[in-house]
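The lines below spell out each chain.
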Amino acid sequence: MIGLDMGRLTAVARKEVREYRRTPFIIGAMTVLPFFFMVEPVLTIFAIGTTVKSASVAKGVGVTFLLLLIVPAIIPATVAAYSVVGERDQGTLEPLLTTPVRRGEILIGKALACVVPSVGIAYFLFALVVVLAHFFAQNPIVVTTLTDGSHILAQALFAPLLAIWSIGVGTAVSARASDVRIAQQLGTMASLPPLAVTALVAFQIVPIGVWTAVGFGLGLLVIDIAMWRVVAAMFDRERLITGSRAARRVGAAAAPAGTVRRIQGYGGADHGRGDT
Amino acid sequence: MAREPLTDGAAPALVVSHLTKRFGDRTAFEDVSFEVARGEVFGFLGPNGAGKTTTVRTLGTLIAPTSGSAVVAGIPLSAATGAEIRQLISVMPENPGLYLRLTVQENLELFAGLYGLASAGPRIAHALEVVNLERRSRDLCRSLSKGLRQRVGLARALLSDPTIMFLDEPTSGLDPVAAREVHELIDGLRQRGVTVFLTTHRLEEAERLCDRVAILNTRLRIIGRPNELRARLFRGALEVETAAPLPTPETVFNDEAGVEEWHAQGTASYVLSVTDPRGAAPKVTRALVAAGADVVSIAEARHSLEDVYLQLVDEDPEAGG
Numbered sequence: 001m002i003g004l005d006m007g008r009l010t011a012v013a014r015k016e017v018r019e020y021r022r023t024p025f026i027i028g029a030m031t032v033l034p035f036f037f038m039v040e041p042v043l044t045i046f047a048i049g050t051t052v053k054s055a056s057v058a059k060g061v062g063v064t065f066l067l068l069l070i071v072p073a074i075i076p077a078t079v080a081a082y083s084v085v086g087e088r089d090q091g092t093l094e095p096l097l098t099t100p101v102r103r104g105e106i107l108i109g110k111a112l113a114c115v116v117p118s119v120g121i122a123y124f125l126f127a128l129v130v131v132l133a134h135f136f137a138q139n140p141i142v143v144t145t146l147t148d149g150s151h152i153l154a155q156a157l158f159a160p161l162l163a164i165w166s167i168g169v170g171t172a173v174s175a176r177a178s179d180v181r182i183a184q185q186l187g188t189m190a191s192l193p194p195l196a197v198t199a200l201v202a203f204q205i206v207p208i209g210v211w212t213a214v215g216f217g218l219g220l221l222v223i224d225i226a227m228w229r230v231v232a233a234m235f236d237r238e239r240l241i242t243g244s245r246a247a248r249r250v251g252a253a254a255a256p257a258g259t260v261r262r263i264q265g266y267g268g269a270d271h272g273r274g275d276t
Numbered sequence: 001m002a003r004e005p006l007t008d009g010a011a012p013a014l015v016v017s018h019l020t021k022r023f024g025d026r027t028a029f030e031d032v033s034f035e036v037a038r039g040e041v042f043g044f045l046g047p048n049g050a051g052k053t054t055t056v057r058t059l060g061t062l063i064a065p066t067s068g069s070a071v072v073a074g075i076p077l078s079a080a081t082g083a084e085i086r087q088l089i090s091v092m093p094e095n096p097g098l099y100l101r102l103t104v105q106e107n108l109e110l111f112a113g114l115y116g117l118a119s120a121g122p123r124i125a126h127a128l129e130v131v132n133l134e135r136r137s138r139d140l141c142r143s144l145s146k147g148l149r150q151r152v153g154l155a156r157a158l159l160s161d162p163t164i165m166f167l168d169e170p171t172s173g174l175d176p177v178a179a180r181e182v183h184e185l186i187d188g189l190r191q192r193g194v195t196v197f198l199t200t201h202r203l204e205e206a207e208r209l210c211d212r213v214a215i216l217n218t219r220l221r222i223i224g225r226p227n228e229l230r231a232r233l234f235r236g237a238l239e240v241e242t243a244a245p246l247p248t249p250e251t252v253f254n255d256e257a258g259v260e261e262w263h264a265q266g267t268a269s270y271v272l273s274v275t276d277p278r279g280a281a282p283k284v285t286r287a288l289v290a291a292g293a294d295v296v297s298i299a300e301a302r303h304s305l306e307d308v309y310l311q312l313v314d315e316d317p318e319a320g321g
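If you read the protein sequences in the order shown, they are chains L and F.
Taking the working numbering, the leading residue of the first sequence gets 1, the next gets one more, and so forth.
Taking the working numbering, the leading residue of the second sequence gets 1, the next gets one more, and so forth.
These are calculated hints, taken from the structure and not from any lab test.
It is possible that part of the hints are untrue.
[What the hints assert, rightly or not] Output of the computed footprint for chain L on chain F, the stretches with three or more beta carbons under 8 Å from beta carbons of chain L:
(1) 59-66
(2) 76-89
(3) 93-102
(4) 259-273
Built from N, CA and C at the ideal position, the CB exists for glycine as well.
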């Protein structure tokens with residue numbers, strides 16, 4: 001990931017955005033799905049009567065909070081699952097990989113094109129729910145709870161971190177899958193586990209507070225970093241093109257007598273030094 | 001193993017030495033060695049599964065070789081030099097691999113960005129001009145015919161002004177008109193001094209376009225100029241046609257006429273094996289006239305590259321895989 005060229009990174013991100021804009025499935029995933037996930041939270045908080053105690057209000061808001069975080073978890077996985085297998089389907093993967101672009105630039109460019117709109121949508125939905133609650137919620141404690149600093153902080157931190165996980169896992173599945181639909185189904189399923197962390201907060205198993213939010217945010221960050229290290233290792237040119245990393249598995253012992261030395265820098269010990 | 005050093009003094013664009021690639025137990029290609037001079041159009045032929053595409057992918061740094069070495073555009077092939085090599089080459093796979101939801105212009109903008117090209121606009125305009133697609137720049141690629149997509153693929157390959165262009169079956173699936181257009185583009189590349197590494201199944205294409213060809217069937221079978229390959233594999237021959245069958249051809253086609261062997265081909269046609277077709281033709285003509293034959297035609301038998309290819313592939317037990 002060292003030595004990223006911003007021009008190449010931007011070129012990848014711009015291409016992704018242009019493709020998204022012209023892919024009905026992705027447009028649908030980014031517009032219809034978020035509002036589908038917003039219906040339940042809105043109904044939940046609207047249904048909270050004026051006589052309901054603050055503890056119950058907090059519980060209702062917690063469910064809302066969790067449902068809203070499904071958006072940055074699921075949408076990017078659906079989109080990212082298309083990213084590599086879609087290139088392979090179109091036959092564009094090989095031309096892309098024969099350019100000087102480095103894997104870090106491809107991965108970050110693709111991730112940026114996905115994470116920015118996903119997080120933007122997540123923030124917009126949260127703001128929309130707050131505005132709707134302000135005008136239509138029966139119980140004023142709902143708005144107070146929703147706009148509590150720790151809730152906003154948690155939403156602000158968790159949405160991008162969940163999206164980054166989701167894109168990573170979606171890309172990883174996409175790199176290994178041979179079919180777009182399977183990649184999207186697996187990617188969506190694999191994007192959900194980190195929601196367990198936010199569920200602890202949402203269901204008040206762990207009381208929400210600024211430090212809780214920061215602590216859980218750091219936890220998600222660690223998981224994200226680990227995931228992206230795995231994705232980077234999986235994003236190997238040979239594996240993407242041929243489905244195997246034969247050169248690194250086939251050692252000198254496999255070469256018949258008479259063939260010359262192994263290429264310096266391609267051996268297992270050198271794996272990872274060169275940018276593939 | 002054929003290996004033909006080039007003698008024009010310039011450093012070769014490509015030096016491949018004992019290169020081998022295996023996928024587990026399967027050998028894609030083995031012990032392949034050759035050189036390609038700068039500005040040369042080099043044909044890489046072979047049956048399906050011979051390892052042509054894998055060779056291109058290896059030299060294009062997509063796949064790591066199992067053993068051997070290569071120098072591509074002056075840079076030794078290794079994992080560490082991949083990006084550096086890719087900056088100097090361009091590869092057009094058999095499927096041009098365009099982003100069909102993007103326009104022609106957007107496709108080229110992407111690749112200009114990936115090659116880090118300054119002043120991408122003029123470069124894109126020039127590349128489109130070379131392939132005669134200026135008026136289609138705003139069309140979505142999915143609306144283009146296969147021939148036009150191939151031309152966009154070539155424009156993309158030209159963008160970075162590469163030292164070496166690898167063209168993998170560039171006319172595969174194209175109709176004759178579109179294929180001819182691609183041939184003209186490759187001719188244009190030769191005139192511009194671009195080194196072209198062309199893999200193809202079309203032998204007439206290789207014969208027409210390539211300075212030298214290599215025939216691969218897991219191992220490199222032969223390499224050289226098409227004329228040299230013909231001379232290496234086939235003896236000289238004359239094809240003679242007379243107005244009527246000769247009553248005693250054995251008395252005409254003899255040592256004095258320079259004929260080593262002969263056989264009839266049809267009723268009044270004969271194929272004569274000779275050491276020097278140009279020297280033997282006047283002697284054979286005189287012998288025919290002296291024998292009272294009416295000569296319809298006498299010409300040197302031309303073996304095509306296809307004959308060379310079939311001769312080599314037929315005698316190879318692994319052919320056709």
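Hints, verified against the model:
1. Restraint check on the segment 59-66 of chain F versus chain L: 7 residues with Cβ-Cβ distances below 8 Å, three needed, restraint holds.
2. Coverage of the segment 76-89 of chain F by chain L holds in this model, with 11 residues showing a Cβ closer than 8 Å to a Cβ of that chain against a need of three.
3. Note: the segment 93-102 of chain F has 9 residues with beta-carbon separation from chain L under 8 Å; the three-residue rule is met and the coverage holds.
4. Closer than 8 Å: that is the beta-carbon criterion, and the segment 259-273 of chain F has 0 residues meeting it against chain L, so the requirement of 3 is violated.
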